[in-house]
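Visitor: The chain contents come next:
Number of protein chains: 2
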Amino acid sequence: MTEYDAVIVGAGVIGLSTAYHIKRQNLNAKVLVVDKLNAAGQGSTAKSMSAFRCLFSSPINYVLSDSSVDFYSHLQTELGVDLKLLFVGYLWLLGENEFAEMAPILKDLAARSLKYQEYEAEELAKQLGLTTCLHGDEEAELMGLKDVYKGIFIPKAGIVDADCIVKFYEKEFLRLGGEIHYGVKVEDLVVEACQPLGITGEPFFWQESRVSGIKTNCGIVRAKKTVLAAGAWMPQLLDNVGIECFIKPKKRQVFAVEAKNPLLRRLLFTRGFNSVGCIPFTILPKPRVLIRPFPTEGVFWLSYADDFPRAFKLEDDPQPEKNFYQYGIYQVLVKYFPQFRDCRPYSAFAGLYEINTLDGHPVIFEERDLIVVGGASGSGIMKADAIGRIAAALYNGEEYALLYGGRKFKVSDLSIKERHVEPEKLQI
Amino acid sequence: MTEYDAVIVGAGVIGLSTAYHIKRQNLNAKVLVVDKLNAAGQGSTAKSMSAFRCLFSSPINYVLSDSSVDFYSHLQTELGVDLKLLFVGYLWLLGENEFAEMAPILKDLAARSLKYQEYEAEELAKQLGLTTCLHGDEEAELMGLKDVYKGIFIPKAGIVDADCIVKFYEKEFLRLGGEIHYGVKVEDLVVEACQPLGITGEPFFWQESRVSGIKTNCGIVRAKKTVLAAGAWMPQLLDNVGIECFIKPKKRQVFAVEAKNPLLRRLLFTRGFNSVGCIPFTILPKPRVLIRPFPTEGVFWLSYADDFPRAFKLEDDPQPEKNFYQYGIYQVLVKYFPQFRDCRPYSAFAGLYEINTLDGHPVIFEERDLIVVGGASGSGIMKADAIGRIAAALYNGEEYALLYGGRKFKVSDLSIKERHVEPEKLQI
Numbered sequence: 262m263t264e265y266d267a268v269i270v271g272a273g274v275i276g277l278s279t280a281y282h283i284k285r286q287n288l289n290a291k292v293l294v295v296d297k298l299n300a301a302g303q304g305s306t307a308k309s310m311s312a313f314r315c316l317f318s319s320p321i322n323y324v325l326s327d328s329s330v331d332f333y334s335h336l337q338t339e340l341g342v343d344l345k346l347l348f349v350g351y352l353w354l355l356g357e358n359e360f361a362e363m364a365p366i367l368k369d370l371a372a373r374s375l376k377y378q379e380y381e382a383e384e385l386a387k388q389l390g391l392t393t394c395l396h397g398d399e400e401a402e403l404m405g406l407k408d409v410y411k412g413i414f415i416p417k418a419g420i421v422d423a424d425c426i427v428k429f430y431e432k433e434f435l436r437l438g439g440e441i442h443y444g445v446k447v448e449d450l451v452v453e454a455c456q457p458l459g460i461t462g463e464p465f466f467w468q469e470s471r472v473s474g475i476k477t478n479c480g481i482v483r484a485k486k487t488v489l490a491a492g493a494w495m496p497q498l499l500d501n502v503g504i505e506c507f508i509k510p511k512k513r514q515v516f517a518v519e520a521k522n523p524l525l526r527r528l529l530f531t532r533g534f535n536s537v538g539c540i541p542f543t544i545l546p547k548p549r550v551l552i553r554p555f556p557t558e559g560v561f562w563l564s565y566a567d568d569f570p571r572a573f574k575l576e577d578d579p580q581p582e583k584n585f586y587q588y589g590i591y592q593v594l595v596k597y598f599p600q601f602r603d604c605r606p607y608s609a610f611a612g613l614y615e616i617n618t619l620d621g622h623p624v625i626f627e628e629r630d631l632i633v634v635g636g637a638s639g640s641g642i643m644k645a646d647a648i649g650r651i652a653a654a655l656y657n658g659e660e661y662a663l664l665y666g667g668r669k670f671k672v673s674d675l676s677i678k679e680r681h682v683e684p685e686k687l688q689i
Numbered sequence: 262m263t264e265y266d267a268v269i270v271g272a273g274v275i276g277l278s279t280a281y282h283i284k285r286q287n288l289n290a291k292v293l294v295v296d297k298l299n300a301a302g303q304g305s306t307a308k309s310m311s312a313f314r315c316l317f318s319s320p321i322n323y324v325l326s327d328s329s330v331d332f333y334s335h336l337q338t339e340l341g342v343d344l345k346l347l348f349v350g351y352l353w354l355l356g357e358n359e360f361a362e363m364a365p366i367l368k369d370l371a372a373r374s375l376k377y378q379e380y381e382a383e384e385l386a387k388q389l390g391l392t393t394c395l396h397g398d399e400e401a402e403l404m405g406l407k408d409v410y411k412g413i414f415i416p417k418a419g420i421v422d423a424d425c426i427v428k429f430y431e432k433e434f435l436r437l438g439g440e441i442h443y444g445v446k447v448e449d450l451v452v453e454a455c456q457p458l459g460i461t462g463e464p465f466f467w468q469e470s471r472v473s474g475i476k477t478n479c480g481i482v483r484a485k486k487t488v489l490a491a492g493a494w495m496p497q498l499l500d501n502v503g504i505e506c507f508i509k510p511k512k513r514q515v516f517a518v519e520a521k522n523p524l525l526r527r528l529l530f531t532r533g534f535n536s537v538g539c540i541p542f543t544i545l546p547k548p549r550v551l552i553r554p555f556p557t558e559g560v561f562w563l564s565y566a567d568d569f570p571r572a573f574k575l576e577d578d579p580q581p582e583k584n585f586y587q588y589g590i591y592q593v594l595v596k597y598f599p600q601f602r603d604c605r606p607y608s609a610f611a612g613l614y615e616i617n618t619l620d621g622h623p624v625i626f627e628e629r630d631l632i633v634v635g636g637a638s639g640s641g642i643m644k645a646d647a648i649g650r651i652a653a654a655l656y657n658g659e660e661y662a663l664l665y666g667g668r669k670f671k672v673s674d675l676s677i678k679e680r681h682v683e684p685e686k687l688q689i
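Chains as they are written, first to last, in our numbering: chain A, 262 to 689; chain B, 262 to 689.
One chain only, chain A, in its complex shape (with noise of 0.2 Å):
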C-alpha cells in the first residue's frame, strides 16, 4: 500500500491552506487531501459569512489576520486573482456602558497603531438612518435594548468570497502535485505500534504507538504525518482516540434579505465609509446581531452567533431556524434599522462553528504524528493563510513559521501544552 508523506482531513478552507503550504514548501512529497463531499470548501467554510477585521487586541488574532488578509489582497491585485475582496470595513455600534468598557482597549489599540475611527450618534443616524435613541419604545425597553452612544469604524476589514479563496488554493495545491479525493469519508484515526512484533491486538499499552493513517469508507490510507483540518467533526475523531482538541461544534444562521425597497438599497448603498459605496459590515449594541452587506448581489446577510444555551452539537446538516429570525434577529435589527421593517429573508443557511473553548484561538499541536489543525471558532477565513503557514511550519518541524508580509511566528504559542495567547477582548 501506497504510504503519503501527509493525509490531510478536510477540504474546507483551513485544510486546503494547510495542504498548499506543506506541498509548496515539499515539492517532493507525496500529499493527499481528503474529504466527505465532493468539492472544495462546501462545509463550514460554504457556510460562513465570510467578512475579515484586521483589528483585534489579541496580538495573535491581530497577525493571523492582518497576515492572511495582505495575501488575499496580494492575490487580488497584483497576481489578479479575483477574490472578490472589498474592504467595506466593520462599523460596531456601541451602547453607553459598551463604550466605556471598550474605550481602554481602543486607546491601547491606538497606542500599536491600529487604525479605527469615532462616530457619533447623530452622525450614524443621519448617515444610515439608524434609530439610535431607544428611549420610550416599550418593547426595546422590555428587551433590554440599549441607545447607540458611538460607533467604531474599522477600516481594514471587509468581505471576500470564501469560495475564491478556497479555489485558489485547490488549484494551486494541485498544480504543484497534491492529490484530492473527494467523496472519501473519514471513519477512524489508525493508531499501530511504533514498532510492530505482529502479534494481534497490538497496539498493546505497553508499546509506543501512533497515528499512522486513516480509516475511511474507501478503505485505510497510511500516511507518515495525518493532518487533521476537519473542523467541527475533528472531536468526534480525536475522542476515539483519546485526544483532546478543546474544540467543540455550535450552530451558526446566516439570513438572507434583498434590498428591494429604496429604503433598504440607499441602506446597502450608503456612501461615506469605503470606496465601495456601500453599508460597513455592521454590529449592532448587545445583543449584537450582525450586518453584512453584500453589494453585488443587492442583499444584506443578516446573523447572530448565539451563546447560551445554544448547545455543542454536531450535525451533518444544520438547518436555519425561522424563528431564530422572526424573534430574534428581526425584532432587535427593527428597532435600529426601521428600514427593515415586514422584511423576511428570501434563503438562509447554517453551519457550524469549530468553537476553542480554551480561549477562541487557534489550535495547532501535533501529537504522535497526528497534526491537529483548527479551532479557528468563526473567523477561519480571514486566518486560513496564516493558520496553513503555522501549520506547514509544525509539519517541517520548524520553530518560526513566516507568515505572508515576513512576520514570524512562533509555532508553538497555538499548540496546547506551551500554548502562549492572550484572551480576545474584542469578541464580537
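Everything labelled a hint here was simulated from the structure, so no lab data went into it.
Hints may be right or wrong, so weigh each one.
Copies of the same chain are indistinguishable here, so a pair counts whether it falls within one copy or spans any two.
[As the list claims (entries may be wrong)] Here are the simulated EDC-like pairs of lysine to aspartate or glutamate, each with C-alpha atoms no more than 20 Å apart in a straight line:
1) LYS574 to GLU448
2) LYS596 to GLU339
3) LYS297 to GLU440
4) LYS574 to ASP500
With chain A fixed as given, assemble chain B onto it according to the hints.
Guide: Positioned in the frame of chain A, the structure of chain B alone reads:
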C-alpha cells in the same frame, strides 16, 4: 410546583458530599438530590480503586486530598464511623530515568515537610520478592520495561471503602432533612428567561436566561440553584446548553485476583511497610500498572490507567476487557512479580473517570444559577470532602471555603474563569 433551594444531580461521592455540606450550612434550605440509579454511589464511585494518597506536587491537589483524608480519619477514629480506612501507604517503584525526573520534585516536597521514604532496589527485591533487574529478559526488553532503580514510599496514603463514605454522607444528609429521589434520570437542564414575558418560545436570545431546574423522567424539578455533580455524564447535559466544563469520560478497569497460593499470600501480607502488615498500594515502573491490596478479602486489585488511544467515550455500563488484563496488565505484572504467574482474575469491573482535560484538577464553578462540580479525574474519593465544602461555599456565595482542619481555600481557584492551579508533577 415546589421550587427547591438546591437540586443536586448525582448521588455519587461528590454529589452527596456537596449535598451534605450545603444542607449542613443551610439547615432551612430545601435540598434535593436525584440520581438515575437506585441507591447512593452506584455509578463511577462504586467502580473506583478506592485508594488515597496525600503526596502531590500541586498544592491544590495536596490540600484537597490531605484535608479530606483527615476528615475521613476523624470520622473513623474519633466518631467511630467505620470507613474501612487503612493507612497501607503507597509504594512507587521507579526506573532510573523516572527517578531522575522525580528527584527534584521530591526535594521540593521534602522542603515543604511532606513525608516520604526512599527504598533501594535490593531492599525491595528482598522484602517483596520483586524482580528488579530485567536485563537478559528478551521479552521484557521488547516490551520496553525498565529495571526498578528505587522505591518511594508514601506513608500518608492507603485504601478506604468508598461505599462507606457515601453511606455516611447520605445518612447525615437525610438526618438533616435533605431529600433524595433515586431512579430519577435527568434528561435535560431547564433554561428559562430571568424575567419571563409569557410569550411562547422564550427564552429569546435578547433575554437574560438562567438554568431553573432539571427535566427528568419523572417531570420537571425547579430550583434556585441547580448543582451538577454527575461525573462523566455532565458534559452531555452541559453540551445541550452550550456550557463547557472541560470534562471527558474515559473507561478505567479493575481486575481482582485472589491471593490463593502461598507466594501470593506472602506478598499480600508483606510486613515492614505499615502497621496493617500488608503490601502498600504499589505502582510499577512505566507503564504504571497498579496493585491495590485488599487485605481483608485476601485479594489484589490490578489496574492500569491507559491514555492514548483509549477513547473518551460515555457508556452507561462500561465493561472490563479480558484482553486488557491478559495481554496488558498481566504481561507487565509477572515481569516484576513472578508470584502472579498464571493467575487470572476471578472478577473485574469498569467505571468511568471524569477527566478534566485542562489540568486534571476538579472544576467547581457557577454559571447562570448552575453550579458544576466534577472533573476529579480519578481522585474523587480521596478529595470528595474538600470538593463538597468548596462547592457549598460557592453555593453560599463565599470567597473562601473552610476545609476540614481549618485550612482556607479560595473558591475561585477551581473555577474556569479565574482558575489558578499548578500542574501536577506526581501523576500516577
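Visitor: Next, verify each hint and record whether it holds.
Guide: Here is how each hint holds up against the structure:
1. LYS574 to GLU448: both (18 Å within a copy, 16 Å between copies)
2. LYS596 to GLU339: Neither way: LYS596 and GLU339 sit 43 Å apart in one copy and 67 Å across, limit 20 Å.
3. LYS297 to GLU440: Classified as within: same-chain Cα gap 15 Å, cross-chain 51 Å, threshold 20 Å.
4. LYS574 to ASP500: Both. Shortest intra-copy (14 Å) and inter-copy (7 Å) distances satisfy the 20 Å Cα cut-off.
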